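Protein chains: 2
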Amino acid sequence: MKATILHAPGDIRVEEVPDPQVQKPTDALVRVTAACVCGSDLWPYRGINEVRRPRRIGHEFVGIVEEVGAEVRSLRPGDFVIAPFLYSDNTCPHCQVGMQSACANGGGWGHKDADGLMVDAGQGEYVRVPLADGTLVATREVPDDDLVPSLLTLSDVMGTGWHAAVSAGVREGDTVVVVGDGAVGLCGVLAASRMGAERIIAMSRHQQRQLIARDFGATDLVATRGEEGEAEVLELTAGVGADAVLECVGTGEAMATAIAVARPGATVGYVGVPHGVELPIGDMFGRNVAVAGGVAPVRQYLPQLRDDVLAEVVIPGVVFDHEVPLERAAEAYAAMDERRAVKSLIRP
Amino acid sequence: MKATILHAPGDIRVEEVPDPQVQKPTDALVRVTAACVCGSDLWPYRGINEVRRPRRIGHEFVGIVEEVGAEVRSLRPGDFVIAPFLYSDNTCPHCQVGMQSACANGGGWGHKDADGLMVDAGQGEYVRVPLADGTLVATREVPDDDLVPSLLTLSDVMGTGWHAAVSAGVREGDTVVVVGDGAVGLCGVLAASRMGAERIIAMSRHQQRQLIARDFGATDLVATRGEEGEAEVLELTAGVGADAVLECVGTGEAMATAIAVARPGATVGYVGVPHGVELPIGDMFGRNVAVAGGVAPVRQYLPQLRDDVLAEVVIPGVVFDHEVPLERAAEAYAAMDERRAVKSLIRP
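Just so you know, the sequences run in chain order F and V.
Quick note on the working numbering: the first sequence kicks off at 42 and runs consecutively.
Quick note on the working numbering: the second sequence kicks off at 42 and runs consecutively.
Same shape as in the complex, but just chain F:
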C-alpha cells in the first residue's frame, strides 16, 4: 500500500510500504477514507523536532473496517470508524477514569507496539489498529460524505479543543479567552460555545481564521499579542479577566498571555505541546490561577462529539480549507507550513 514517510525536515514522500494485516486477535484492519495533517506533524517537518531516520507519519484518520481479529466484539467489516490520535484498551485504570491518553497498554500511530510489531501511521491506505474495541468508535451507518471532515476532526483537533475547554472548566455564561487560532484553538472556540459560554474572546490575527472563529461562536476578536493583547483582553473584561482560558499553542508567550488574562480563581486549560514554557508559580499562587490539561484523551469525548456532529449541532470540519489526494500529501504539509491552509485533508 501507499503511505507518507517523513525522510527529513521538509521532505515528505508517498511510498510503497508493506500491506498491514490483522496480526493479533484484538486488531482491526481499517481502510482509510480520510486522513489529515496535524499542527504537531509540523514540528518534525520544520526540523524543530529532530528527524533521525525516515519514519511513517500521521495520526488522524477515519475509514471502513475491512477485517477484525477473533476477539474483537464491537466492530464488524463495513463499519465506519473514527480513530483517536492514540490507541488505548479503554479498560485499564486510567482509561476507566477517562484518561485514555495515559492508557497502560496504549501507544501512538506509526511506531512499534509493545511486542515490536509495526503500527501503521494514519496517512496511508490502510492501518492495522491494535486494541480495536478500545480504540475505534463506530457510527451506526456509513455517514454522508459531507459529514466526514467533521468526523475526522474528532481524531484530534476537535477532541483536543474540547479537552482544553473541559480542563479550563468552561461553564454556561462564562467569559472565555482562547489563545491560538490554529485548528485546535478554533475548535476550542467551538467547544466553549457548545458548553454555553456567553462571551468568547478569540486571540487571532489572521483574517481567514477570524472568520472561522466568528462562525464557531467567538463574540470578540483580539488581534494583538503579548502585553498589548493582554491589556486589550483585560479592558474587554472590565479589568477582571476571563472566567476560563484555553491555551492552544504551546509556546511560552502563549502560556504567559493565557495566565495573565485569567481572573483570580480561573483555570488555564492547555493542550498545546509545551515548547519553552515556564510556569510563573508565584503569580499563579498569588491569584489562584490553575493550569490544567495535557495530551487530550479524545477517546473519552468521541461518542458524545460523534453524536453532536451527526446531529450537526457542531460542524468542526470547517477547519479544513485544503484537500489533496494521498499522492500529493507533500502539498498538504507545505500549505500548512506556509500558513496558506488552516488544516489539510488527505484522501487516500
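Simulated from the structure, these hints should not be mistaken for laboratory data.
What you are looking at is a predicted structure, and each value in this text was computed from that prediction instead of being measured.
One or more hints might be untrue.
[Unchecked claim] Derived coverage of chain F by chain V (criterion: at least 3 residues anywhere in the stretch with Cβ under 8 Å from a Cβ of chain V; other residues may be distant):
(1) 131–138
(2) 304–314
(3) 329–342
Built from N, CA and C at the ideal position, the CB exists for glycine as well.
Could you slot chain V onto chain F? The hints should help.
Here is chain V on its own, set in the frame of chain F:
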C-alpha cells in the same frame, strides 16, 4: 495596648502600641480573645524572608466586637467574630466568585491600608478591622471556650487546608495524598475526610503529627520522603497514583512529590507559599496532572466551616498543642520554630 513586634529574625517582643480606634464608618474594633502563630510567620522569624525594620505580626484571631462604624450592618458590639487572614469587602467581582483573597479593596493585617492608616496585626489585644461587614464572620452566640481553638483555625489553617482539598477536587470515594504534616497539612487531611475521601495517605514522619493525622481521618501513613516516599505511595495505590493530592508545604521537593504521586488526570491542590518551586510542565502535560490553588480565600469557606465546628462535625482545634499568654508570645514562636509544637495559641 500590647501587641507582638518582630524586631529581627528570632526577636519577637510584646510591646505597647497605640490603642486602635474605629476610624472609618466601615471599621469594627475587635478585642482579641485568641490569636496564634502561623507557619508563614516563621519565614521572617527564621530570617528566610527579610526583616528590614521592626513590624507588627500575626494574622489569625478571633474576638469580641467592641465598637462598629456607622455603616457596619451585620455586626454589633458583643458579637463573637472570626477574622480571615486577609480582610476583604466581599462585594467586588473577585469576592463575588469566592476569591476574597484577591479582593480589589482588601489587604493584610499589620500593614497600612490604601489610605495609609495602620491596620493592626492579629497578635495583640485589639484590632481595627477594615471593611468589617465583608471581613468578619460572627457566630449567633458567644461560643463555649472549648470551641474557640477550632474556630480560631478557621482564620487560616483549616480554611487553607480546606482550600487545598477544594482545589485538588477531592470527591467522595477518592484516594487522596496529603504532602506536609504541619497544621495546614493536618487540616487538609481533615478536609479530605469531611469531603468523603475513602483513603487518605498522609506523608508524615513526626509521631505526634501522625497521631493527629490518624485522628483527622488518615487511613495510611508514609514516613519516607522524596523518591522513596513516592514509590511507597505508588505501591499503596497499585501503581495508579492518587485521585487528588494536597501539597501543603511549598518547597520544591514537596511539589515534586505531589506531582509524582498524582494519577493521570488528577489535580495537585497547593497552598504552601512556593519557595523554590519549579513546575515540570512536560511531565504535567504528558500525564494531565493539573496544579491548582494559591492564597486561600478562607472567607469563602468560613460560614460553612463555622457551622461544622459549632456542630462538632470537625474539631480542627486539635492542632493546637501549645498555649501561652500574650506576654510570652516569644515562647510560642520558639516552640514552633524548634518543632516542639505543631501550632501555638496565644491568649491576650
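- Task: State the violated hints by number, sorted upward, taking the hints as numbered earlier in the document.
- Result: Failing hints: none at all.
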